[in-house]
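Residue 595 in the working numbering is what sits at position 483 of the sequence shown, and the numbering runs on without skipping anything.
Since the hints were derived computationally from the structure, they do not count as laboratory data. It is possible that part of the hints are untrue.
Taking lysine-lysine and the BS3-like style, the derived pairs with C-alpha atoms no more than 25 Å apart in a straight line are [said to hold, decoys possible]:
id, residue 1, residue 2
1, Lys433, Lys577
2, Lys244, Lys203
3, Lys228, Lys555
4, Lys390, Lys279
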Amino acid sequence: MPGKNIDSSTKKSKTKLIRIYLAPAWWHVDSLNSAHKVLKNLKNFTQAFFKFYRFCLGNRGTPFMSQTESKRVTIIGAGPAGLTAAYLLSKKGVPVTVLEADPIYVGGISKTVKYKDFRFDIGGHRFFSKSKEVEDFWTEILPNDMLHRPRSSRIYYRGKFFSYPLKPMEALFKLGILESILCVLSYSLYQLLPVKNPKNFEDWVSNQFGKRLFNIFFKTYTEKVWGMNCKEISADWAAQRIKGLSLFSAVINALKPKPKSRDKMIKTLIDSFRYPRKGPGMMWETCAERIKAMGGKIEMGKTVTHSAYDAQSKLWKVTYKDGNGKTEFIESHHLISTAAIRDLATGLHPSLTPQTLKSANSLKYRDFVTVAVILKDRNLFDDNWIYIHDPKVTVGRVQNFKSWSPELVPNPSLCCYGLEYFCFEGDGLWASDDAKLIELAKKELQLIGLAMAEDILDGCVVRQKKAYPVYDEEYSNHVEKVKSELESRFPTLHLIGRNGMHKYNNQDHAMMTAMLCAENIMAGKKIYDLWNVNQDAEYHESGNAGELKIISERLVPKKAALEDGEQKAA
Numbered sequence: 113m114p115g116k117n118i119d120s121s122t123k124k125s126k127t128k129l130i131r132i133y134l135a136p137a138w139w140h141v142d143s144l145n146s147a148h149k150v151l152k153n154l155k156n157f158t159q160a161f162f163k164f165y166r167f168c169l170g171n172r173g174t175p176f177m178s179q180t181e182s183k184r185v186t187i188i189g190a191g192p193a194g195l196t197a198a199y200l201l202s203k204k205g206v207p208v209t210v211l212e213a214d215p216i217y218v219g220g221i222s223k224t225v226k227y228k229d230f231r232f233d234i235g236g237h238r239f240f241s242k243s244k245e246v247e248d249f250w251t252e253i254l255p256n257d258m259l260h261r262p263r264s265s266r267i268y269y270r271g272k273f274f275s276y277p278l279k280p281m282e283a284l285f286k287l288g289i290l291e292s293i294l295c296v297l298s299y300s301l302y303q304l305l306p307v308k309n310p311k312n313f314e315d316w317v318s319n320q321f322g323k324r325l326f327n328i329f330f331k332t333y334t335e336k337v338w339g340m341n342c343k344e345i346s347a348d349w350a351a352q353r354i355k356g357l358s359l360f361s362a363v364i365n366a367l368k369p370k371p372k373s374r375d376k377m378i379k380t381l382i383d384s385f386r387y388p389r390k391g392p393g394m395m396w397e398t399c400a401e402r403i404k405a406m407g408g409k410i411e412m413g414k415t416v417t418h419s420a421y422d423a424q425s426k427l428w429k430v431t432y433k434d435g436n437g438k439t440e441f442i443e444s445h446h447l448i449s450t451a452a453i454r455d456l457a458t459g460l461h462p463s464l465t466p467q468t469l470k471s472a473n474s475l476k477y478r479d480f481v482t483v484a485v486i487l488k489d490r491n492l493f494d495d496n497w498i499y500i501h502d503p504k505v506t507v508g509r510v511q512n513f514k515s516w517s518p519e520l521v522p523n524p525s526l527c528c529y530g531l532e533y534f535c536f537e538g539d540g541l542w543a544s545d546d547a548k549l550i551e552l553a554k555k556e557l558q559l560i561g562l563a564m565a566e567d568i569l570d571g572c573v574v575r576q577k578k579a580y581p582v583y584d585e586e587y588s589n590h591v592e593k594v595k596s597e598l599e600s601r602f603p604t605l606h607l608i609g610r611n612g613m614h615k616y617n618n619q620d621h622a623m624m625t626a627m628l629c630a631e632n633i634m635a636g637k638k639i640y641d642l643w644n645v646n647q648d649a650e651y652h653e654s655g656n657a658g659e660l661k662i663i664s665e666r667l668v669p670k671k672a673a674l675e676d677g678e679q680k681a682a
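Using the sequences plus the hints, can you model the full thing?
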């Protein structure tokens with residue numbers, strides 16, 4: 113009999129221990145024989161408990177996990193959208209891991225590249241938003257490092273520089289009386305007989321400015337940017353980027369006194385903006401450090417190859433490679449993607465349908481090369497950038513980084529220009545070696561009249577993949593097909609940001625999709641439809657910087673549950 117040779121004191125001691133650790137009355141024991149039965153049952157109970165624990169871990173979290181711990185999140189991409197989501201979720205205590213393919217820089221296209229103590233922006237980023245939440249976010253990250261900079265840009269056309277926004281008297285003088293009269297007549301004709309329901313970029317802009325001004329100030333530059341005829345570009349892009357701006361509004365804004373309040377100022381015509389003193393990358397590098405300080409992880413040089421979703425456990429398994437080709441994976445409850453839809457779709461498991469994959473692979477992107485040229489500062493121009501509308505040169509835009517912030521240039525006697533060449537990955541420009549690109553930049557700077565050969569000291573080349581999602585005539589149908597299947601099959605996959613949603617948005621709009629995505633994850637349900645951000649070409653609505661709040665009907669989405677009638681009544 114068990115316990116027969118155990119002395120009385122030992123038996124009492126063991127019984128006492130069992131009573132202490134198994135305190136509930138239904139586990140009370142009075143003998144070692146009963147204790148053995150309880151221990152056997154306890155073993156069965158423990159096994160059953162851990163089965164239940166694993167079930168909860170994969171589905172709803174457990175009684176021993178906090179609500180935030182059961183929302184582990186993986187984010188693909190450390191650009192503005194990805195880091196905004198990571199920051200806000202980290203503040204709520206949610207475990208976050210960000211996977212960034214770039215081995216050095218965070219910020220995506222908003223990074224600041226460093227070369228011999230020079231810093232330069234990739235694409236130019238004005239920090240201006242109608243959203244209070246976005247403005248407050250920037251201030252929270254860099255409370256003492258944001259400069260207020262004047263907005264200054266011009267257009268180069270036929271060897272002359274035109275202010276942008278256009279100044280009527282200056283344009284009249286530089287175009288000549290005859291050309292100006294023809295422009296006004298062309299504009300008047302399109303006001304009387306506009307193209308009904310314009311579908312392409314050329315028709316939309318001609319309605320706003322007239323065909324003659326379209327040919328002078330829009331056609332060449334736009335076709336350089338997109339590498340396609342303006343008739344092949346969807347009108348959505350024009351409506352999204354320059355809504356509210358026409359020849360009439362440009363003239364009115366030029367003639368009337370500038371208001372102290374910007375209640376009704378068109379965002380295209382803003383006259384000042386904020387800018388981090390060491391470039392936009394300063395914002396996102398600081399944001400990344402704060403995420404890590406809160407316990408979040410940012411893995412650099414990690415390229416995502418596959419994203420597998422298990423419908424039973426409701427877990428994501430994201431596989432990625434490091435710079436040495438080593439494969440690793442991470443599991444999470446939610447996956448946020450800022451990667452190009454085309455790249456994400458091809459790596460999903462279970463695989464998308466062949467039709468949806470075809471749509472994803474049909475989405476196009478425009479890439480560009482920035483050639484940063486270091487030269488002696490002769491004060492030849494102080495604009496933020498100049499749009500090059502001359503077909504005789506390949507460059508599309510020239511930036512003056514010193515005009516954005518003096519701290520981007522370490523030596524006050526020097527300046528640094530950024531020449532932007534728009535191209536497709538793999539074409540002649542993209543494949544050119546750095547030395548040839550620097551020589552091309554030097555030559556074109558001299559042709560435009562912005563530099564002398566003897567003043568140019570050095571140069572650096574940066575290639576940026578997928579800088580702009582292309583708005584061709586079929587893009588919206590392709591995006592809709594992908595979006596519909598993803599939402600029906602992958603409920604915890606969230607697409608945010610410019611490439612993540614294939615929307616040619618500015619930085620602040622990409623950030624807003626991230627903010628609302630974080631709200632949805634914390635709520636455990638779809639409160640906001642992220643696809644309503646910046647939808648219906650509502651990009652340039654009126655308002656002061658920081659005026660609109662998250663409940664705005666235009667810059668931010670309605671709640672998903674609302675019907676059309678309720679939206680209109682709101």
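Here is how each hint holds up against the structure:
For the proposed pair Lys433 and Lys577, the alpha carbon gap of about 19 Å is at most 25 Å, so the pair holds. Restraint check for Lys244 and Lys203: the C-alpha separation of about 19 Å stays at or below 25 Å, so the hint holds. Pair hint Lys228 plus Lys555 holds up; C-alpha atoms about 23 Å apart against a cutoff of 25 Å. Annotation: proposed proximity of Lys390 to Lys279 is violated, straight-line Cα distance about 32 Å (limit 25 Å).
Hint 4 from the list above is the single one not met by this structure.
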